[in-house]
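Participant: Below are the chains, spelled out letter by letter.
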Amino acid sequence: MNIYILEDNLIQQQRLERIIKSLSLKHQIRYRNLFSTAKPEHLLSQIENVADHQLYFLDLEIKHEEHKGLAVAKEIRKKDPYGTIVFVTTHSELAPITFEYRVAALDFIEKELREEEFIQKVEECLLIADSRRTIPVSPDNFSFENKYTSFQIPFSDIFYFETMEIAHKIRLITKSKVLDFYAGTFKLIIKQRQPA
Amino acid sequence: MINLIMAIQILSFFFIFRSISRYHFTIKEITVWLVVFLMIGFISTYFIGVWGAITLFFCFVGISYFKNHRTFTALGVFYGAYALVMNSFIGYLAADPITSVVEFIFKQSTANIDYLPYLFTAIAPPVINEIGLRLVRHYVPQLNKEILQESSKVILFPVIVLFIIIIISVYPILTIGNETGDFNSFHRALLVGMWLLFIIALLYMQFQYTHIHKREIEKAKSEQLVQLKDYAAQLEKIYDEFRGFRHDYANILLTLEDGIYREDWEQVKQVYEQTVKPTGQLMRKNEYSFVKLRNLHVSEVKSILAAKIIMAQQMKIDVALEIEEPIHLIQMELISFTRILSVLLDNAIEAAAKTEKAKISIVLLEDPTIQRIKIENSSGEQVSLRRLGERGYSSKGKGRGLGLYNVQQMLKENNFASLETEAQSNLFSQTLILRKTGERK
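Going down the list, the protein sequences come from chains A and B. The first sequence begins at 622 in the working numbering and counts up one residue at a time. The second sequence begins at 2 in the working numbering and counts up one residue at a time.
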């Protein structure tokens, strides 16, 4: 596992490094590299071996450029679809649901948290990333797109589809969701099911 | 041959009805209904002649009844009456021109073409009606069915009554005409009068609709104004808090500076613990996410969001707002959209208010191809996902639950909108997914 830190405040950067090192010792987590930088370009050029699991700690606001962090996260996702992304940020930039949708971020750690809470959060993220190292992330999604809608749901969550009283409207029932959408024809759904 | 023409006439009622009502029919439904229509049409015509069409009228009301989830609506009756009058109207208007055109084209022909004018006259109404409706729909903005339903007393009832008068007075004359082949001058005048009445009825409908629509918009505009005022007041309040903070901040810096120069670390520590640290907590309040509304550039939606957020905050609900990218356009007709949004927000607020740690998240996401509006609330009770949106089903108890039902009714008309509902142990969320079509202004 490689660990990357993107943080432009040197003190915060060292603080995070220190915490990660001591936690790794405590839990015997072995990582190959711990790479800290203040420059997004440096970070992006360092991402090479995607076969290995990677853990990223990203600050959202870099040099007062708003959404630099999100843009970086998107770039990272392009190169490394399965890496674990954690945002370390101040509360005012927090937008958990947005970032979960955008880059499937694992968590958000607020810099303002008390030291113990902060360490605990980092610890949780480290442990999750470490467990992902061995279990391959299943990308087995049912993705549906037509003129009228577009969504993705893991195959394993799907219970069943049913028709609604309105012609061409389909209801999808999954583990925790119900999704009503306009399908056009049901044939299309069957087509989408087959692997490309 | 006469049977074929009659069949076409009966079927054309159905096609006019279909194109005015825009109900969705599957191929199976169409086949079944056409067969039913032919049977009813032939049987009733055999017994009561032209009045057989009246039985078809009741069939239309019946179809509407089922298509509207087993409720009678004025709109459904209107569609039926429209189909009846329109068919006779166009048939009457088209009969003479078609006859002369056919006679002109087949002047040289020696074949028996007596039936041709009748055939074309029978086919004409659904075709002309379809073309006319498409033209109207292309140039005139679509009528909002919600408004029509709500103001049906003013808009639809007079029109339906007029249609029925027209049917009752026109049909006997047409019967006489069919038998004798010609009309006398009184009947002719009455027919023309009735057709004029028909056109007046349609114009009246359009006029009333525009009027009510305008009033609706004005009402919405003035509501919006009030909401935007509240929004401005709330922003000022937040600004005041910040101003107070800025004032304190200067004092804090001075005290710290003093402590540092005198190397009095006890004083520095004390000031930091007592005054600097608490400001960090102040910054963590979600109330400030309110400011993210600035990314939303659709004032109709902005005002309603502001109003609901303020309302929720007054109810001591923690509201987190995420609008991270600028949004300039909502991919849906705004009247329907604001109504849907209000219902979803009201439901979320009501459900969250009953929980211990009341929280609502409102998220607007803009993707290249879709727009997502997610409203999440803390929830205490288990909601049945399957029954949600059924008419009258509500987790709030009996007699409620019309809100979400109405949302689904409005979404029914919109193929580009999907609704996702998610229930986890303590969270409940609804996401409206709007697919961008690129066709909207």
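Be aware that a few hints might be false.
With a straight-line cut-off of 30 Å between C-alpha atoms, the simulated DSBU-like cross-links for lysine-lysine are [to be verified]:
#1 A:798 <-> B:437
#2 B:358 <-> B:220
#3 B:215 <-> B:413
#4 A:689 <-> B:278
Some chain B residues judged to face chain A by a derived CB distance under 7 Å, without partners named [claimed, not checked]:
#5 203
#6 206
#7 319
#8 323
#9 364
#10 372
#11 416
#12 421
#13 423
None of these hints come from the bench; they were simulated from the model. Predicted, not measured: the structure shown is a model, and the values here were computed from it. Heads up, the beta-carbon is just placed ideally off N, CA and C, and yes, glycines get one too.
Participant: Taking the hints in turn, state whether each one holds.
Facilitator: Hints, verified against the model:
| no. | hint | verdict |
| --- | --- | --- |
| 1 | A:798 <-> B:437 | 23 Å, holds |
| 2 | B:358 <-> B:220 | 36 Å, violated |
| 3 | B:215 <-> B:413 | 24 Å, holds |
| 4 | A:689 <-> B:278 | 28 Å, holds |
| 5 | 203 | 28 Å, violated |
| 6 | 206 | 26 Å, violated |
| 7 | 319 | 13 Å, violated |
| 8 | 323 | 4 Å, holds |
| 9 | 364 | 5 Å, holds |
| 10 | 372 | 11 Å, violated |
| 11 | 416 | 4 Å, holds |
| 12 | 421 | 4 Å, holds |
| 13 | 423 | 5 Å, holds |
When the structure is compared with the earlier hints, violations turn up for hints 2, 5, 6, 7 and 10 and for no others.
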